[in-house]
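Chemist: Hints given; two lone chains; assemble the complex.
Residue numbers (numbering that gives the first Met the number 0), protein chains in the order written: chain A, 0 to 336; chain B, 0 to 544.
Be careful, since some hints might not be right.
Each computed DSS-like pair below joins lysine-lysine, with the alpha-carbon atoms no more than 30 Å apart [claimed, not checked]: (1) A:Lys137 / B:Lys459; (2) A:Lys323 / B:Lys270; (3) A:Lys323 / B:Lys268; (4) B:Lys195 / B:Lys270.
Everything labelled a hint here was simulated from the structure, so no lab data went into it.
The residues making up each chain are set out below.
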Amino acid sequence: MDLSTLGPFLVGVITSGLVLGFVYAIIALGYTMVYGVLQLINFAHSEVFVTGAVVGFEIFRVLEPSPMNGYLKLLIALIAAMVASGMLNVIIERLAYRPLRNAPRLVPLITAIGVSLILQDVIRIIEGFQGRFDLTYKLPPAFNTNFCGADSSCEALGTALTKVGISLQIKEVIVVAVSLLSLALLNYLVNSTKLGRAIRAVAQDRVTAGLMGIDSNRIIALTFLIGGALGGISGVLFGMKFGTINAYSGFDPGIIAFTAAVLGGIGSIPGAVLGGLVLGVIQNLIGVTNVLGSILNIANLQAIDASYQRIGAFLVLVLILIFKPTGLLGRSNTEKV
Amino acid sequence: MTAIRPGSQPPTAAPDRTWWLIIVGIITSSLLMLTQEPTWRAALPGGIAKFLTNPLVGSLLLTLFLSNLLFAFRWKAAAWAKALVFFGSLFIILPWAGRDNTAIFDLAIQIGIFAALALGLNIVVGLAGLLDLGYIAFFAVGAYTWGIFGSGQFAKILGYFADNGGPVGGGLRYLLGGLLLTILGAVVMSIISKVKGKWNTGQRWANFLAIMGLVAGIIMSLRGVLILMSPQAQSLMSGVNPNFFWLFLVLALFAAASVGVIIGLPVLKLKGDYLAIITLGLGEVIRVLANNLSTYSNGSQGITPIVSPTVPFMNAIAGALGFSPDQYNLFFLYFLVIAIIAVIILANVRLDRSRIGRAWVAIREDEVAAQAMGVPLMQTKLIAFATGASFAGIMGVIFAAKQTFISPESFILTQSTSILSMVVLGGLGSIPGVILGAAIVTILNISLLPSLGEATAALKLPQQINPAQLQRLVFGTILVMMMLFRPEGMLPSARQQRLMHEDDDPSDNETPQDSLKHSAVEPAAEVYSPGTASIKDDQRTGGAR
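Okay, chain B solo, but in the shape it has when bound (with noise of 0.2 Å):
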C-alpha cells in the first residue's frame, strides 16, 4: 500500500508562493473596495465603476476576495505572509467593506452560521457515518429558543396561560405533579435499562411507556411553571432583558442536544437509509409541530421583532470606525460569530483526534467491528448526535439575533439538503473543506444566483424559471456530481481519501467512470468483484439489531 495513489498529494514539495500570496491578496483586496468605497468608485472613470458595480461582477469579485482566505490557508507561504492576508481580510478589509454594503456583512455572517452548521453536520455525517437529513431541526431549536424569549413571543405565552391555565395556585399541582411522573418515568426506564440481553416485547413495551411518562411529566411541569409565571405577563412584553442573550446561547447548546438525544434515543439503532429517512421526518415534524403550535411560535407568522444584546464597547468600536449606528449589530454580530467559529474549530480538531473522534469514524466504517472493539454504539452515537445538534443550537440562537424574524419557513428541507451539499462539497469529515463548502454554497445561495437573477432580468424570462430559484438544482448537481466524481470533496481528509481509493490497487484500478466503461464492455465483470461480495446480509433488513 506504498504506491502513490491517483488523487493523493505528489510527493513533490510545492513551489513557495509568499509573493504571490501578497499580491493576489492586495489585487483583491483594492478590488473589492474599488466596487464598496463610495469615494473610491468615484474616482473610477463612468464605465469601469458602472461594470464593477453590476451585480454578477460585485458578487464574483467578493467570492475571489473571500478565496483569500483560502489561498492563506492552503498555499505554502511565509507563516507571517499568510496571517497578514488572513487576519487583514478578515478583520480590517471585510469589515471595511461591510461599513459600505451591509449585505456584505450580511453574507459573511451568513456564511459563518452555516459553516458551524456543517461543521456539526459534519461530525453526524462525516465522521460517525450517520446520514441526518433532519439537521435543520436543531437550528430551529436554538432560533427558536432565542425568538420566544427575546420577542414579545413569551409574553404572549404567559398571557395565554393567565387566560386560560386557571388559578396561579393550580400550577403548583401540575409542577408537583409533572415532577412526580418524571421521576417515576425515570426510574422506570433505569430498572429496565439494567436488562441484559435483548429486550422482549413486554420490557419495549414498559420503556415506551416509562418514556411517554417521562415525557408527560416534563410537559406538566413546564405547564405548571408557566402558570405559576403567567402574572409577570406585562413586564415581559419585550421579551427577556437583551443581556440574557449569552445564557440563551448556553441553553440553546443544551437544549439542542437534548432533543438529539431525545430524536436520536428511538432512530440510532436504524442504519443507512432507514435513518436518513427517519430523520428527515422527524425534521419535518419539527417544522409542522413549529407551524401549528401557534400557541408557543406564533405560527406560520413567524417571531419578530427579535432583540440582540448590546456591548457598550463594540459599539463604541464600530462608532469610531465610522458605521452607521444601524450597523452596530451587525459589526457585533460578525465578531462574535468569527468567535465562535474559531471555538467549534477547535472543538473539531480535538474531537476528530480524540478517543470519541476514533470510536466515530470506527462505528462509521464498521459497526460490528467497532462494538467488538469494545465502542459502545448507542453511546458513540447519540454523542455525535447531541454534539452536532449543539453548534446548530448555538447558531440558531445567532441566526434569530440577527433576522430578528424566524418563522418556519426557514427550517424546510431544502436548508438540510442545502447542508448536506456543503458537507459533502467540501470533503465528508473534513474541517477545512466543510467550511470551504459552506462559503461556496452560501455565496452560490445568497449572492451569486440572485445576482444571476437579475443579470438575466433584462431577458424577461418567466418568473417560473428565474435563476435565483435554481437552489435545487444546484444543491442536487452538486451532490451527484460530488459523488459520481470525487465522493472524497474538494479538500478531502487523509483518511476519507484512502478510504474512496481502497479499490485503487494496481491490480484493479478503477474509478467510478472506469468501472462505468468496463461495465459496458463486459458487462458480467461487475458480478465477481469483491465489492458486491461485501454486500451483508445484516444490511438488508436494515432494522433494529
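Pulled out of the complex, with its shape left as it was, chain A reads as follows (with noise of 0.2 Å):
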C-alpha cells in the first residue's frame, strides 16, 4: 500500500469506527442512566448487555429455517433482548441494589462486581447444557452482503461510496439505523415526557425529588428497565456486527463503553454518544496503526497490534480523568439523566 490510497482507507477505517462508536454509545447510554439516578457504576450492565446478545442469538438461530423476511427477525430479537436484559436489570436492582441504598458506597460497588461474576457464570452455564460456548450469530443472509451492492437499486451510490473508501455491508447499516431511532427515542423520552422529567429530577436529587411526590424507587427501578432495554439493543446489534460473543465477552466492551460514558461526561446522553463515536474510531486507528506504519514506513507503529486496543481505551481513560474529569460534555453542574 502506497500514500495514495491512504484517504480512503482511513475514511474506511473511521467509518467503521463510527459503526462500532454507535454500538458503544447505546451500551454506554445504559452506564450512565444508571450512574445518574444512583451513583453507581453498574458492573453489571456489561452481563446485561451480553444477556441480550444471547437472546439476539437464540432468536435468530430459532428463526434460521423460517422463511420470514429478515427484518421481521431482527424486529423480534430486538423486542425480545430489550424485554429480557430490561427485566433482568430491574432484578439486579430490585435484589442487589435497592437493600443497599442506604449503605456505604463501597458496598454497592461490591455488590455490583459479585453479580457481575454471577451473570457471567449463569450466561455460560446456560449456553453450557447446550454444549455451546461461542455463539456465532446466524444472521439473515441478506444482511451480510454490501450496503448498495451489485445489482441493488443503488448501485450507482454503492460504487461511489466504495470510491472515498466506505463500504458497509447491510448490517452495519442497521447498526448504524437502529442506533439512531433509539437515540431519538430515548431523547423523547428523557426531554419530552413526564416520566423523563421525574428521571431527571430523581438523578439531580432523589430528596427533594421524593417532597415533589416522586416515587424516587419505582422511577430508579424504571431507569434500570429503559438501561436494561438499551443494553439488550446493544447486544443485538453487537453480536451483529461481530458476529461471535460469549459469556465473557461483555468486559471489554463493558469498559471501553464505561470509558466513552466517562470520556462525553458522565450523566449526559450526548456526552455518551460523543464518547462511544471518539472511542470507536481511537480503537479501529489503533488496530490499524501497524497498516499505517507500514504505509508511512514507520517501524516502532509496526509492532502495534489489535492487542493494544485495550491499552488505548485505558490510556483515554486515564488521561480524561486527570484532566478533566468532566468529561467532554460534562458540566460541574450537568443535568443528569
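Modeler: Quick look at the structure:
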C-alpha cells in the first residue's frame, strides 16, 4: 500500500469506527443512566448487555429455517432482547442494589462486581447445557451483503461510496439505523415526557424529588428498565457487528463503553454518544496502526497491533480523568439522567 | 450508644473449651493422616479406605483439619492447648501429611501466598477504603522480577540487545543521556510541586511532560545498562545464582511498591467508583504488556523453568524426615511462607495501630474531615498503595519460585476479584478475618471445586458446566451475599462492625433486609431516611478535587 491509498483507507477505518462507536454509545447510555440516578457504576451492565446478545442469538437461531422476512426477525430479536435485558436489570436492582441504598458507597460497588461475576457464569452454564460456548450469530444472508452493492437499485451510490473508501455491509447500516432510532426515542423519552422529567428530577436530587411526590424507587426501577432495554439493543447490535459472542465477551465492550460515558461526561446522554463515537474511531485507528506504520514506513508503529486496543481505551480514560474529569460535554452541574 | 447491638459479642463469657480443642485437634489430625499416610490407610478396611480417599471427602477432611487453626485462634482455651494445637498442626501434622501428598503442601503454600495478598489488599481496601481492582498487577510485578532473573529469560534479553542494541560502547551514551533526562524530569517536577493551591492547565501539562521525561529517562538508562551488560549473556544462560533469591525478595518489594506509587500518583486523586475502574484498567494494562512485550516476558508462552534457592540445612532436615528430594523445594518454601506471613501479620498489626493506620481509617471514613484534621491525603493514600503492593511483590517472587512457571494467564482479572472476595468474606479491615477468607477461597478454588468436578465426573455433564470452572459464580455469590447480609465479614474488626451497624439505633432498627421489607410496604419512607440525605454533591462528579 502506498500514500495515494491512505485517504480512502483512513475514511474506511473511520467509518467502521463510527459504526462500532454507535454500539459503544448505546452500551454507554446504560451506564450513564444508572450512574445518573444512583451514582453507581453498574458493573453488571456488561452482562445485561451480553444477555441481550444471547437472546438475540437464540432468536436468530430458532428463526433461521423460517422463511420470514429478515427485518421482521431482527425486530423480534431486538424486542425480545430489550425485554429480557430490561427485566434482568430491574431484578438486579430490586435484589442486589435496593437493599443497599443507604449503605456506605463501597458496598453496592462490590455487590455490582459480584452480580457481574455471577451472571457471567450463569450465562455460560445456560448455554453450556446445550454444549455451546462461543455463539455465532446466524443472520439472514441478506444482512451480510454489501450496502448498495452490485445488482441493487442504488448501485451508483454504492460505487461512489466505495470510491471514497466507505464500503458497508447491510448489517452495519442496520446497526447505525437502529442506534439512531433508539437515541431519538430515548431523547424524546427523557426530555419530553413526564417520566423523563421524573428521572431527571431523581437524578438531580432524590430527596427533593421525593418531597415533590415522585416515588423515587419506582423511577429508579424504571431507569434500570430503560437502561437494560438499551443494553439489550446494544447486545443484538454487538452480536450482529462482531458475529461471535460468549459469556465473557461483555467485559471489553463494557469497559470501553464506560470509558465512553466518562469521556463524554457521565450522566449526559449526548456525552455518552459523543464518547462512544470518539472511542470507536480511536479503537479502530489503534487496530490499524501497524498498517499505517507500513504505509508511512515507520517501523515502531508496525509493532502495535489490535491487542493494544484495550490499552488505548484505558489510557484515554486515565488522561480524561486526570485532565478533565467532568468529560467533554459534562459541566460541573451537568443535567444528569 | 451503650446499647448492645445485634451481631456484637454477647456480654456473657464464652465457655472454656480447652479439652474440646484438644479432642477436635486429635480427631481431625488423625482423620487427615488416615487418608494420607499409606501404612495407616492400608490398615483400614477396604470400604472405609475407599470412602476416605474419595477426592471430595479428602478435600473436606483437609478443610476440617485446617479449621483447627481457626479454633485454636478463636476458642477460649488454655494457652498451652492453643499453642499445642496451633503449632502442632502447622509444623508437625501438615508437613507430615505433605510428605505423603505433595498436593497438601502445594495447597498450604498457596493459602499462605493468597493470605499475604489478601492482607496487602486489606490495607488498601479495608483500611484506606480505596477499591483497587488491579491488585494482581503488583503480584505480577514481583513474579516477573524473579521470573526474568531466575531463569534463562534474562540471558535472552541480553542476547536480544547484543543483536539489536548496537555497539556495547553505545550503552554508555544511553545511560548518561537517560540519567540526564531523569534528573531533568525530577527537577522540573519538584519545582512544579512547590506551587501552592490548585494547578492551572499549563502547570498540569508541564508536570505531565516532566513525568514523561522522567519515565523516558529511566527507560533509556535501563536500555543503556542492558546494552552494557549484553556480552555477559552466555554466563547467565540458566539465570542468576539462585542465592540472589533473597536479594530479589527485597528488590521485588521495592519494585512493586514503586509500581504502586507510579500507578497511584495519577489515579489516587479519584474516588470510589472511578478509582475502581481505573485500577482495573491499569491492572489489565500490565497484563497485556506482559503478554505483548515478549522480548522481556516471553509473551503468552510464559517463563520457565524458574529456579528457587537451596538452603543446605533445610534440605538436610527434610532428608532426615524422609522427604523425597523433589519435595525439598516445597518443604523450604512452606516454612519460608510461614515466616513471611508471620512478619506480614506483625507489620499489619503494628500498622493498624500506628499513626498511619489511623490516618488510613480516617480517610476511609471521611476524606474531607481527615484532611481538615491534618492528614495529608495524597501521601497517606500512596503509602497505603505502596504498602499493599509491596506484600504482593514479595509473594510474587515466592509464587514464581514455587510454580517454576509464570505466564500472563496467572494474573487475570478473576484473580484480583478472588482476592477481593477473600478480603470481603473475612471482613474488611480485620486481619484474622482476611486470613480466614484467603484460606476459604483458596481451598474452594484449588481443592474443593476441582474435587467436586472429579466427584461429578460420573454424571457426564458437558465440559462447559464442570464445577471446577465455577469460580466466578462462587466468588460472585460470596461478594453479593456478604454485602447484602453481613457486610462486616465473617470475623469483623471491632471498628468495622460498629460502622456497618451505625444505623442500628433502637429507634431506627434497620438491617438491610428490614429496610427491604420496609420499603416494599411503604416506599416513600426511604426518601426521608437520614442515609439518603448524606449523599454529598461532591461525590457525584467523582473527579479530582
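Chemist: Looking back at the hints listed earlier, which ones does the structure fail to meet?
Modeler: The structure conflicts with no hint, since it agrees with every one listed earlier.
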